[in-house]
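Student: Protein sequence lines correspond, in order, to chains A, B, C and D.
Under numbering that gives the first Met the number 0, the letters of the first sequence match residues 0 to 328, in that order.
Under numbering that gives the first Met the number 0, the letters of the second sequence match residues 0 to 232, in that order.
Under numbering that gives the first Met the number 0, the letters of the third sequence match residues 0 to 261, in that order.
Under numbering that gives the first Met the number 0, the letters of the fourth sequence match residues 0 to 295, in that order.
Hints were generated in silico from the structure; no laboratory data involved.
Hints may be right or wrong, so weigh each one.
Stated by the list, open to error - Straight line, CA to CA, 35 Å or less: simulated DSBU-like cross-link-like pairs of lysine-lysine:
id, chain 1, residue 1, chain 2, residue 2
1, B, Lys-17, B, Lys-4
2, A, Lys-197, D, Lys-166
3, B, Lys-71, B, Lys-221
4, B, Lys-51, B, Lys-71
5, C, Lys-95, D, Lys-166
6, C, Lys-244, B, Lys-117
7, C, Lys-56, C, Lys-149
8, A, Lys-197, C, Lys-192
9, B, Lys-221, B, Lys-106
10, A, Lys-197, A, Lys-296
11, C, Lys-248, C, Lys-127
12, C, Lys-95, C, Lys-138
13, C, Lys-74, B, Lys-51
14, B, Lys-104, D, Lys-282
15, D, Lys-166, B, Lys-152
16, B, Lys-4, D, Lys-178
17, B, Lys-4, B, Lys-117
18, B, Lys-17, C, Lys-75
19, A, Lys-197, C, Lys-248
20, C, Lys-74, D, Lys-178
21, C, Lys-127, C, Lys-56
22, C, Lys-62, B, Lys-17
23, C, Lys-6, C, Lys-192
24, C, Lys-154, A, Lys-197
25, C, Lys-192, C, Lys-56
26, D, Lys-166, C, Lys-56
27, B, Lys-152, B, Lys-176
28, D, Lys-282, A, Lys-233
29, B, Lys-17, C, Lys-127
30, C, Lys-127, C, Lys-192
To be verified - From the derived model, a few chain A residues whose C-beta atoms are all more than 12 Å from chain C:
id, residue
31, Ile-130
32, Gly-175
33, Ala-188
34, Met-191
Idealized CB from N, CA, C, for every residue including glycine.
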Amino acid sequence: MTRTKSLLKVPVVMVALALLYLGLIAGFSHNPYYMQILNMAAINTIMAVSLNLINGFTGQFSIGHAGFMGVGAYVAAVCSVFYKIPYLVALLCGALAAAVVGLVVGIPTLRLKGDYLAIATLGFAEIIRVIIVNIQKVGGPRGFLGIPPYTNLLWTYLFAVGTVVVISNFVNSSPGRACLAVREDEVAAESMGVNATKYKVIAFVMGAFFAGLGGGLLVHLLSIAHPTMFTFLKSVDFLIMIVVGGQGSITGSVTAASFITVISEALRKFEVWRMLAYSLVLIMIMLTRPQGLLGGKELTWEGIVNVPGRLRRFRLPKVGGGRVGTTGH
Amino acid sequence: MLEVKDLNVFYGGIHALKGITFSVREGQVVTLIGANGAGKSTTLRAISGLVKPRSGEITFMGQNLLQVPAHKIVSLGVSHVPEGRRIFANLTVLENLEMGAYTRKDKNLDEDLKRVFKRFPRLEERRRQVGGTLSGGEQQMLAIGRALMLKPKLLVMDEPSMGLAPLLVREIFSIIKEINEQGTTILLVEQNAHMALSIADYAYVLETGRIVTEGPAEELAKSESIRKAYLGH
Amino acid sequence: MALLDIKDLSINFGGLRAVTDFNLSMQEGELVGIIGPNGAGKTTVFNMLTGVYRPTKGEIFLKRRDDSIVNLVGKKPFTITQMGVARTFQNIRLFKDLTVLQNVKIAHHFSAKYGVGGAVLRTPAYFKEEQRIHDEALKLLRIFGLENRKDEISKNLPYGEQRRLELVRALATSPRLLLLDEPAAGMNPQEIKDLMEMIRWIRNEFQLTILLIEHHMEVVMNVCERILVLDYGLTIAQGCPEEIKTNPKVIEAYLGEVVEDA
Amino acid sequence: MSSVLSTFLQQVINGLQLGSIYSLIALGYTMVYGIIRLINFAHGDIYMVGAYIGFFAAGFFGGSFFPTLLVAMAGASALGLTIERFAYRPLRYQPRIAALTTALGVSIFLENFVRQFVGPNYLPYPRIIKVTQIKVGDIQFSNIQLIVLAVAICLMLGLTFLVNKTKLGKAMRAVSFDKDAARLMGINVDHVISMTFLVGSSLAAAAGVLVGITYPRIDPYMGILPGLKAFVAAVLGGIGSIPGAAIGGMVMGMAETMVLGYMKSSYRDAIAFTILIIVLLVKPTGILGKPMSEKV
Numbered sequence: 000m001t002r003t004k005s006l007l008k009v010p011v012v013m014v015a016l017a018l019l020y021l022g023l024i025a026g027f028s029h030n031p032y033y034m035q036i037l038n039m040a041a042i043n044t045i046m047a048v049s050l051n052l053i054n055g056f057t058g059q060f061s062i063g064h065a066g067f068m069g070v071g072a073y074v075a076a077v078c079s080v081f082y083k084i085p086y087l088v089a090l091l092c093g094a095l096a097a098a099v100v101g102l103v104v105g106i107p108t109l110r111l112k113g114d115y116l117a118i119a120t121l122g123f124a125e126i127i128r129v130i131i132v133n134i135q136k137v138g139g140p141r142g143f144l145g146i147p148p149y150t151n152l153l154w155t156y157l158f159a160v161g162t163v164v165v166i167s168n169f170v171n172s173s174p175g176r177a178c179l180a181v182r183e184d185e186v187a188a189e190s191m192g193v194n195a196t197k198y199k200v201i202a203f204v205m206g207a208f209f210a211g212l213g214g215g216l217l218v219h220l221l222s223i224a225h226p227t228m229f230t231f232l233k234s235v236d237f238l239i240m241i242v243v244g245g246q247g248s249i250t251g252s253v254t255a256a257s258f259i260t261v262i263s264e265a266l267r268k269f270e271v272w273r274m275l276a277y278s279l280v281l282i283m284i285m286l287t288r289p290q291g292l293l294g295g296k297e298l299t300w301e302g303i304v305n306v307p308g309r310l311r312r313f314r315l316p317k318v319g320g321g322r323v324g325t326t327g328h
Numbered sequence: 000m001l002e003v004k005d006l007n008v009f010y011g012g013i014h015a016l017k018g019i020t021f022s023v024r025e026g027q028v029v030t031l032i033g034a035n036g037a038g039k040s041t042t043l044r045a046i047s048g049l050v051k052p053r054s055g056e057i058t059f060m061g062q063n064l065l066q067v068p069a070h071k072i073v074s075l076g077v078s079h080v081p082e083g084r085r086i087f088a089n090l091t092v093l094e095n096l097e098m099g100a101y102t103r104k105d106k107n108l109d110e111d112l113k114r115v116f117k118r119f120p121r122l123e124e125r126r127r128q129v130g131g132t133l134s135g136g137e138q139q140m141l142a143i144g145r146a147l148m149l150k151p152k153l154l155v156m157d158e159p160s161m162g163l164a165p166l167l168v169r170e171i172f173s174i175i176k177e178i179n180e181q182g183t184t185i186l187l188v189e190q191n192a193h194m195a196l197s198i199a200d201y202a203y204v205l206e207t208g209r210i211v212t213e214g215p216a217e218e219l220a221k222s223e224s225i226r227k228a229y230l231g232h
Numbered sequence: 000m001a002l003l004d005i006k007d008l009s010i011n012f013g014g015l016r017a018v019t020d021f022n023l024s025m026q027e028g029e030l031v032g033i034i035g036p037n038g039a040g041k042t043t044v045f046n047m048l049t050g051v052y053r054p055t056k057g058e059i060f061l062k063r064r065d066d067s068i069v070n071l072v073g074k075k076p077f078t079i080t081q082m083g084v085a086r087t088f089q090n091i092r093l094f095k096d097l098t099v100l101q102n103v104k105i106a107h108h109f110s111a112k113y114g115v116g117g118a119v120l121r122t123p124a125y126f127k128e129e130q131r132i133h134d135e136a137l138k139l140l141r142i143f144g145l146e147n148r149k150d151e152i153s154k155n156l157p158y159g160e161q162r163r164l165e166l167v168r169a170l171a172t173s174p175r176l177l178l179l180d181e182p183a184a185g186m187n188p189q190e191i192k193d194l195m196e197m198i199r200w201i202r203n204e205f206q207l208t209i210l211l212i213e214h215h216m217e218v219v220m221n222v223c224e225r226i227l228v229l230d231y232g233l234t235i236a237q238g239c240p241e242e243i244k245t246n247p248k249v250i251e252a253y254l255g256e257v258v259e260d261a
Numbered sequence: 000m001s002s003v004l005s006t007f008l009q010q011v012i013n014g015l016q017l018g019s020i021y022s023l024i025a026l027g028y029t030m031v032y033g034i035i036r037l038i039n040f041a042h043g044d045i046y047m048v049g050a051y052i053g054f055f056a057a058g059f060f061g062g063s064f065f066p067t068l069l070v071a072m073a074g075a076s077a078l079g080l081t082i083e084r085f086a087y088r089p090l091r092y093q094p095r096i097a098a099l100t101t102a103l104g105v106s107i108f109l110e111n112f113v114r115q116f117v118g119p120n121y122l123p124y125p126r127i128i129k130v131t132q133i134k135v136g137d138i139q140f141s142n143i144q145l146i147v148l149a150v151a152i153c154l155m156l157g158l159t160f161l162v163n164k165t166k167l168g169k170a171m172r173a174v175s176f177d178k179d180a181a182r183l184m185g186i187n188v189d190h191v192i193s194m195t196f197l198v199g200s201s202l203a204a205a206a207g208v209l210v211g212i213t214y215p216r217i218d219p220y221m222g223i224l225p226g227l228k229a230f231v232a233a234v235l236g237g238i239g240s241i242p243g244a245a246i247g248g249m250v251m252g253m254a255e256t257m258v259l260g261y262m263k264s265s266y267r268d269a270i271a272f273t274i275l276i277i278v279l280l281v282k283p284t285g286i287l288g289k290p291m292s293e294k295v
């Protein structure tokens, strides 16, 4: 029963997405600036959803996502500029390289409990930056110019959809449930026969893979790769997206990534104010709803249709409301 | 001295204490006995302010403890020797004892240290050792010594016999009796019912969050109901 | 050959001897209880059996399904579960924010015959296995009267149902040896009665060997065929319930009654 | 003296100077982590704010060193207390990831706040102390280097005294070991945690002023990298261990100076994180750390 229902769903969703894509093209193709924003929204969706797999679904705390993006970006760029490798293969190479780096960083740190991953991912992102700056062949601190502009909305859109499909398929499966179990309680997960380290590594490497893909798409969109594009602050952008969208919510990440991309563009002139606002939003969300705006919930059609009713009900139990978080230690 | 009235405590959805009422009179040793999970420790934690009851009253010497934060309850003269001893394994024996006197305003600790060391000579030998290196019995002595440094009016003890060999248990209990004879009121939670009843004046028996029996310790010690509650026969 | 054979199991924590020379041999189908006062080292024994702690000394031999013998010392907790040893926890450790059904499905994790690739590509094996896991999980929930709760977030269940769910989850790993850590904790007399029924019933129904820790003497005395008594890390008595009831050492450990010879 | 040796000794002196800075910052990290198990990402920014307060205080005090240092320390302490009270305390019983994210938020806020209201560019630090060079044999060093080292050592000795000998210090150690047991002693746990932030922040501010007088310029982002490196230093020394943080900081400073002296200078930032990865692989508990196991 579940199977037939989900099989029917697929073509419907496919058609809807194709129509949306055509609509976007028709609506915005006259303005390259808007097209750029659409592309960025799609790339950020890839980044946010893949980071959510690590942070939201598996409960690890990676804050070096931009580092993996950087690895993917530079490797893909090198592939297409120096070796003239076809675009899609170059993207794949970038993504694989990021995944390998994820494996190397993940294995030593994910064995450990606690917050070491946060600092290790951060440190790793910094190492990546230093290495890039020191390779003259890719432009060092001046940046890597002349990357062919192969990326267009078709690709970013397809890859964003692909990322969402792959990650939501993964999450709704036995290995995905193992990740959820690790997030909830590592000891209990192991007592259920789940190899916690293995699934942490799998989620981390998958996340890195898609971050690398996002990096490849980005540099082939902008025709330039620069070490400053993949700094810690960039990682924070992605983190804000999943916090706003809700840790453990794919639809939340997609919505937040698109929304924040647009807002950031709108506020481009007020860069510092934007960061001030971001940081305050981040703190306020954590203080009031520690699992993010949507929490682990997914947006559904039924849910959206019911919003007015839910809002009405939401008002009543104001006392003690708001903090739904688990009382973890 | 201590009055507990209709105390209700919830842990998440679990109703751990279901309306407990009891009192401790000055100079007495009162014991709460019952099997594991009956709510004994929870009662003590509520008295010390570590858990917030949903409803009920706790008054100590006329003061309502529910309004007082945990660290202030101590300065009123309630000293709690927690279950599992909970000594500071990273502090030396001496420092642990000093922590016991944390809220005292007077600086004159030497005399009290001397008193504690007289009662527990083993602690004096090990005063410079960190708490974590002590044996189970020594840790229990340290936990009691630490609580005594407050010069408490009411000493609350949670399972002092836990994890100790029978000989040590007897030693600890005779010390508890001594402490009481020297003027400290004691509220004792114990699984080792016979031991507890042998030194207590009055006892309450808890079963799954309720007081099911109470009475003078001597009478309860003879009654079959205790045996039944514990050994199931 | 016994299903479980524990030899001289000991562990020290920073100089404190938490468990000393614990020995136990269990035949298939046996129901054995470990009792002892608080802090006697009971849960520590479970933690060593399930690989959470590594014993300082001793061996744990388990007979596997194919009759080969394996030493569990040094094995990781998840491997031990996969070898057929499941447990519940003293202080319930459900996956709190997941649904009841998800909690049970996770227990089927290692039996699922598809990997990450199958999951992502939604291969036929994925659908087949998911259907199987779904059906089996529902079946177990039905048996334990939790089917109508399947979509509830597990932390919202009442206490008794949380305990039951934890048991269901352990059973879903299809164990041969089940370790129950204080299953009756926090239950009222009626619930305890039901629990005793249930323990006997699952032992027969699932052909299990059960080792349980309990404080409620009633439970242990009524349910277990054999009882071990631990006190301050040492096994002070062992035998059938009748023997344990009258054993002076046990009475002393529990009630602190001084027996004549002391 | 051979020139190889004298170059090396020269590097050692530079390393100690840089190491002093890292040690002072690392102490705050390690103290806060030890007491509430939180990586305070904003700690590097408190160091930055400390340097800025020192900058303005130096103008006010006409460039005398000690008042400047004290005002910076006091100001940063107040900031640390405020952050703890309003951003971290409400999250103490929430999942760790929430507090970490908040810490990150505070960090970004401080950087952009300073950037917005003081300016994004480098500020030249006032010359509070006149630089004189001292020469011993072939080795040359400045009075600034001596002052940095001396101030750092004094502060560390002061901290050691505080933690080991005073009532507050003992309470800090008690709270870091067992909060409930500490409450049962009558220790106001919230107060002790606040004091820990106060002490940690003041040490970071001291580091900020010392850096200001050494490399005489400051900017809103100056706290990010030293903050991270100091955290690595704390991990290297064994997180939660106060002598560990001091040692870790010194090792870190030394390693970085050696890279600067003998390798390409652009690799200086990579060495810290290479050390981190090695520590995590070889001895995750660090030099002086103790393993922490979870109770099941």
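Student: The structure should be examined with respect to each hint, and the outcome stated for every one.
Tutor: For each hint, the structure was consulted:
Between Lys-17 of chain B and Lys-4 of chain B the alpha-carbon distance is near 11 Å, which keeps this suggested pair within the 35 Å criterion. Using a Cα cut-off of 35 Å, the hinted pair Lys-197 of chain A and Lys-166 of chain D is violated, with the two alpha carbons roughly 46 Å apart. Note on Lys-71 of chain B and Lys-221 of chain B: the hinted pairing is violated, with a Cα-Cα distance of about 40 Å set against a maximum of 35 Å. Straight-line distance between C-alpha atoms of Lys-51 of chain B and Lys-71 of chain B comes to about 15 Å, which keeps the hinted pair within the 35 Å bound.
A distance of roughly 40 Å separates the Cα atoms of Lys-95 of chain C and Lys-166 of chain D; the hinted pair therefore is violated under the 35 Å criterion. With a C-alpha separation of about 41 Å, the suggested pairing of Lys-244 of chain C with Lys-117 of chain B is violated against the 35 Å cut-off. Between Lys-56 of chain C and Lys-149 of chain C the alpha-carbon distance is near 43 Å, which puts this suggested pair outside the 35 Å criterion. Taking the CA atoms of Lys-197 of chain A and Lys-192 of chain C, the gap is about 41 Å. The hint is violated against a cut of 35 Å.
For the proposed pair Lys-221 of chain B and Lys-106 of chain B, the alpha carbon gap of about 47 Å is over 35 Å, so the pair is violated. Of the supplied pair hints, the one linking Lys-197 of chain A and Lys-296 of chain A holds, its CA atoms being roughly 26 Å apart against a limit of 35 Å. This hinted pair does not check out: Lys-248 of chain C and Lys-127 of chain C have alpha carbons roughly 56 Å apart, beyond 35 Å. Note on Lys-95 of chain C and Lys-138 of chain C: the hinted pairing holds, with a Cα-Cα distance of about 21 Å set against a maximum of 35 Å.
Between Lys-74 of chain C and Lys-51 of chain B the CA atoms are separated by roughly 42 Å; this puts the pair beyond 35 Å, and the hint is violated. For a cut-off of 35 Å, the pair hint linking Lys-104 of chain B to Lys-282 of chain D is broken: about 44 Å separates their Cα positions. For the hint pairing Lys-166 of chain D with Lys-152 of chain B, the CA-to-CA distance comes to about 23 Å; that is within 35 Å, so the pair holds. Our distance criterion of 35 Å between C-alpha atoms is met by Lys-4 of chain B and Lys-178 of chain D, whose separation comes to about 28 Å.
Annotation: proposed proximity of Lys-4 of chain B to Lys-117 of chain B is violated, straight-line Cα distance about 38 Å (limit 35 Å). The hinted pair formed by Lys-17 of chain B and Lys-75 of chain C fails the criterion: a straight-line CA distance of about 41 Å is larger than 35 Å. With a C-alpha separation of about 47 Å, the suggested pair Lys-197 of chain A and Lys-248 of chain C falls outside the 35 Å cut-off, and the hint is violated. Of the pairs offered as hints, the one joining Lys-74 of chain C and Lys-178 of chain D holds, with about 34 Å between alpha carbons and a cut-off of 35 Å not exceeded.
Using a Cα cut-off of 35 Å, the hinted pair Lys-127 of chain C and Lys-56 of chain C is violated, with the two alpha carbons roughly 45 Å apart. At roughly 46 Å between alpha-carbon atoms, Lys-62 of chain C and Lys-17 of chain B are farther apart than 35 Å, so this suggested pair is violated. At most 35 Å may separate the alpha-carbon atoms for a hinted pair to count; Lys-6 of chain C and Lys-192 of chain C meet this at roughly 34 Å. Among the hinted pairs, Lys-154 of chain C with Lys-197 of chain A is consistent with the structure: their alpha-carbon atoms are about 26 Å apart, no more than 35 Å.
Simply put, Lys-192 of chain C and Lys-56 of chain C have alpha-carbon atoms about 38 Å apart, too far for the 35 Å limit, and the pair is violated. About 41 Å separates the Cα atoms of Lys-166 of chain D and Lys-56 of chain C, which puts this hinted pair outside 35 Å; it is violated. Of the supplied pair hints, the one linking Lys-152 of chain B and Lys-176 of chain B holds, its CA atoms being roughly 15 Å apart against a limit of 35 Å. For the suggested pair Lys-282 of chain D and Lys-233 of chain A, the alpha carbons sit about 31 Å apart, so the restraint of at most 35 Å is met.
Restraint check: the Cα-Cα separation between Lys-17 of chain B and Lys-127 of chain C comes to about 49 Å, which exceeds 35 Å; the hinted pair is violated. About 39 Å separates the Cα atoms of Lys-127 of chain C and Lys-192 of chain C, which puts this hinted pair outside 35 Å; it is violated. Consistency note on Ile-130 of chain A: stated as away from chain C, and its beta-carbon is indeed over 12 Å from all of that chain's, at 29 Å minimum. The Cβ of Gly-175 of chain A does not lie farther than 12 Å from every Cβ of chain C; its closest approach is about 7 Å, which violates its non-interface assignment.
A Cβ of chain C approaches the Cβ of Ala-188 of chain A within 12 Å, the least distance being about 7 Å, so the stated non-interface status is violated. For Met-191 of chain A, the requirement that its beta carbon stay farther than 12 Å from each beta carbon of chain C is not met, with the minimum near 5 Å.
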